[in-house]
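**Q** Single-letter residue listing:
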Amino acid sequence: MKHVMNSLLFAVLLIALTACGSGGSEQQSEASDGAVELTLWTDWTEDRPENTAYKQTIEKFNQEHEDIKVTIEAIPHDQYETKLRTQAAGKQLPDMFRVWPGARLEPLAKGGATLPLDPIMDTWKDVIPESALKAYQYDGTQYAIPANISLTSLIYYRKDMVADAGFETFPKTYDELKALITALNDAGTTPIALGNKSIWPLQSVYISTIADRFTGSDFLPNVLSGEGTFENPLFVDSLAVIDEMTKLNAFNSDLNTIDESQARGKFIAGDTAMHFAGSWAIGPILDSIEDLDNIGVAPFPSFAGGEGDPSAIAGSAGGAIALSSQLEGEKQEAAFTFMKYFYSDPLYQELVKANIVVPVEVEVGDDVPAVYQEANALMQGGITPVYDATLSPELTDLINNGLQSITLGDMTPEELAKKMQEANESAQE
Amino acid sequence: MHNSMKRSWFIVLGLLPALLVYTVFAILPILQSFYYSLMEWDGFSDMVFVGLDNFKELFQDELFWNSMKNNVLVVLASVLGQVPIALFIALLLNRKLKGLKFFRTIGFLPVVLSTVVISITWGLMYNFEDGLFNVFLRTVGLDALAQNWLGDTTWSMPSVLVTVIWQFIGLYLVIFMAALQNIPEEVLEAARMDGANEWTTTWKITLPMIWDTVIVAVILCISGSLKTFDLLYVMTNGGPAHSTEVMALYMFNQTFGQFQYGYGSAISVLIFAFSLLLIFVVTRLLGKKML
Chain A
1 MKHVMNSLLF
11 AVLLIALTAC
21 GSGGSEQQSE
31 ASDGAVELTL
41 WTDWTEDRPE
51 NTAYKQTIEK
61 FNQEHEDIKV
71 TIEAIPHDQY
81 ETKLRTQAAG
91 KQLPDMFRVW
101 PGARLEPLAK
111 GGATLPLDPI
121 MDTWKDVIPE
131 SALKAYQYDG
141 TQYAIPANIS
151 LTSLIYYRKD
161 MVADAGFETF
171 PKTYDELKAL
181 ITALNDAGTT
191 PIALGNKSIW
201 PLQSVYISTI
211 ADRFTGSDFL
221 PNVLSGEGTF
231 ENPLFVDSLA
241 VIDEMTKLNA
251 FNSDLNTIDE
261 SQARGKFIAG
271 DTAMHFAGSW
281 AIGPILDSIE
291 DLDNIGVAPF
301 PSFAGGEGDP
311 SAIAGSAGGA
321 IALSSQLEGE
331 KQEAAFTFMK
341 YFYSDPLYQE
351 LVKANIVVPV
361 EVEVGDDVPA
371 VYQEANALMQ
381 GGITPVYDAT
391 LSPELTDLIN
401 NGLQSITLGD
411 MTPEELAKKM
421 QEANESAQE
Chain B
1 MHNSMKRSWF
11 IVLGLLPALL
21 VYTVFAILPI
31 LQSFYYSLME
41 WDGFSDMVFV
51 GLDNFKELFQ
61 DELFWNSMKN
71 NVLVVLASVL
81 GQVPIALFIA
91 LLLNRKLKGL
101 KFFRTIGFLP
111 VVLSTVVISI
121 TWGLMYNFED
131 GLFNVFLRTV
141 GLDALAQNWL
151 GDTTWSMPSV
161 LVTVIWQFIG
171 LYLVIFMAAL
181 QNIPEEVLEA
191 ARMDGANEWT
201 TTWKITLPMI
211 WDTVIVAVIL
221 CISGSLKTFD
231 LLYVMTNGGP
241 AHSTEVMALY
251 MFNQTFGQFQ
261 YGYGSAISVL
271 IFAFSLLLIF
281 VVTRLLGKKM
291 L
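These protein sequence lines are chains A and B, in that order. Sequential numbering of the first sequence, starting at 1, is according to full-length UniProt numbering. Sequential numbering of the second sequence, starting at 1, is according to full-length UniProt numbering.
Isolated chain A (complex conformation):
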């Protein structure tokens, strides 16, 4: 019975989906008042300041360009990528679509689904730094332009709790951080709120930066091309940091059963002294904490013996839109016009107002909260690759689950490094 119901539901869904699909292509072909119509797929379904900024900019574009009309179709985030890939496989992509960087853009660029932006790249010359653009390049060609920078490794802390534990300034080195953790534990305060049920935070937030501090930024590309190995002692040392922190009781004891936002909730409620998270936490923290002067943002500490740049933080460029390689003539022109308009100062200023870190230099007014300004300043040290934006899905899954196993004492850092290397080698065969 349930099965039949499922099939029926599926049938209805399918009909709805195909109906949407054909609706979209009709819109493309018939230009109502002579204007060129462009369809854009996004995942801007949530009501967030960032999404509003994007949508408003597009609205303004439509008003100022009578001959071009951009229509947005929003798809919920979790289904977006599956749908995009399926449509790409059927060569039925819309004119423009939201993409993610690195390993996630690669199959689309490799498969020839996206249009190179070479003809208009001068627009962003000396405006957007190469380190941010690089995320959307494949084989040296640019396929999309980033709107924001998502830093994945920031330390938010409560100044009063850190001071009560005897630290006037936030620790700069790992040894000092360990001393802080011990002092907080002695005082009966949970040091760090961590929610690793969804298994990516330890990798994205912690290891992306910690490993870079140890190994330097050349490590990942080298390993993936077969020149280096995950069994490099420096990488193993970085994994061992997680092991050591767990054994020091740095985290809340339910770390593996709550998710990221629940952990943030603990920090916001004042249950813990620190929370390690990315720039995505700025908004919620600004919204929910009244005593903002008490909240500080610090970069990750430095590690003795590390080869990486101790001032850089892991991050990746986001908010990018790519164009379909099927665009030609008038439509291609229109799409290029749109890209030049969209990725320019007004959008970046709106984003800054929404407390989003952007890849370009924008004049920041005094009314911008200190927490945001501090986070924004930390980006100036440069950004290093985020692991899950660089590794293959298989390796990402391995390290995500492996780090969880380390916190449970089921696996040692050496075993995880060995497993990752084995998977890496078999993928290269």
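Please keep in mind that the hints were generated in silico from the structure rather than gathered at the bench. Treat each hint with caution, since some may be false.
Simulated crosslink set (SDA-like; lysine to any residue; CA at most 20 Å straight-line) [claimed, not checked]: (1) K91(A) - G43(B); (2) K125(A) - T337(A); (3) K110(A) - Q32(B); (4) K83(A) - T255(B); (5) K83(A) - E62(B); (6) K418(A) - L63(B); (7) K418(A) - E62(B); (8) K83(A) - L63(B); (9) K83(A) - Q258(B); (10) K110(A) - V48(B); (11) K56(B) - Q63(A); (12) K83(A) - G257(B).
Please arrange chain B on chain A, whose structure you already have, making use of the hints.
**A** Just chain B now, kept in the frame of chain A:
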């Protein structure tokens, strides 16, 4: 003769739309899965035919066997937990009780609650720091018994199984009660006249008379457990460290998390084969030819 011919044609005609829908949306996708399982495919680039490589890899995949082991545990917990408990309660409730409706509603409630709600609620109750169970244990002074229920690989699976059993008792309870109410009163009365006590009536008359229903319940139970996905997806997402991962969850993660459509299809094919085998064995054991 003429009349019955006409009627059977009419039946075929009437069944046709349903059959068509069923073929397109159930049979074809299954066949497609078989096809994809022979391919290496990321869902986007061109498919590469790899023959039985996916299956070879699957047989050596520890994580798959781990998920199958967990799945078998779910099946066992469901068949040995849900069905007997539901039957027991149904037998208790099958008398002229005051407030019968009330108990039936209470029992059935978990079935109509959204699984997501159940998962989140139980997840909160199992929380190590401020969950109901641990708070209770600590309040009565049994601190030593407080566990990190879902966060510890030893306890995660048993904890999840308790929720699984709890969730579906109500469904079988209602099925059994319906069957019990279909037993003719005369039969039971005759037994009583012959001097049979409660115990004997239950064992010798009631149970044999609803045995068919019990078998159907067991089969529903097995097929439901093999498909189990949503509860675990929300409650633990298979974690920590794969300790509560079941086959459907593993298939989902491989297919849509790692974009290995071919490998994921191979897992579905094995789930399909495994389900068929298990149900075949069970129907044989329980002495009914349902297939």
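**Q** With reference to the structure, classify each hint as holding or not holding.
**A** To see whether the hints hold, each was checked on the structure:
no.	hint	result
1	K91(A) - G43(B)	12 Å, holds
2	K125(A) - T337(A)	16 Å, holds
3	K110(A) - Q32(B)	26 Å, violated
4	K83(A) - T255(B)	13 Å, holds
5	K83(A) - E62(B)	30 Å, violated
6	K418(A) - L63(B)	17 Å, holds
7	K418(A) - E62(B)	16 Å, holds
8	K83(A) - L63(B)	27 Å, violated
9	K83(A) - Q258(B)	15 Å, holds
10	K110(A) - V48(B)	16 Å, holds
11	K56(B) - Q63(A)	58 Å, violated
12	K83(A) - G257(B)	13 Å, holds
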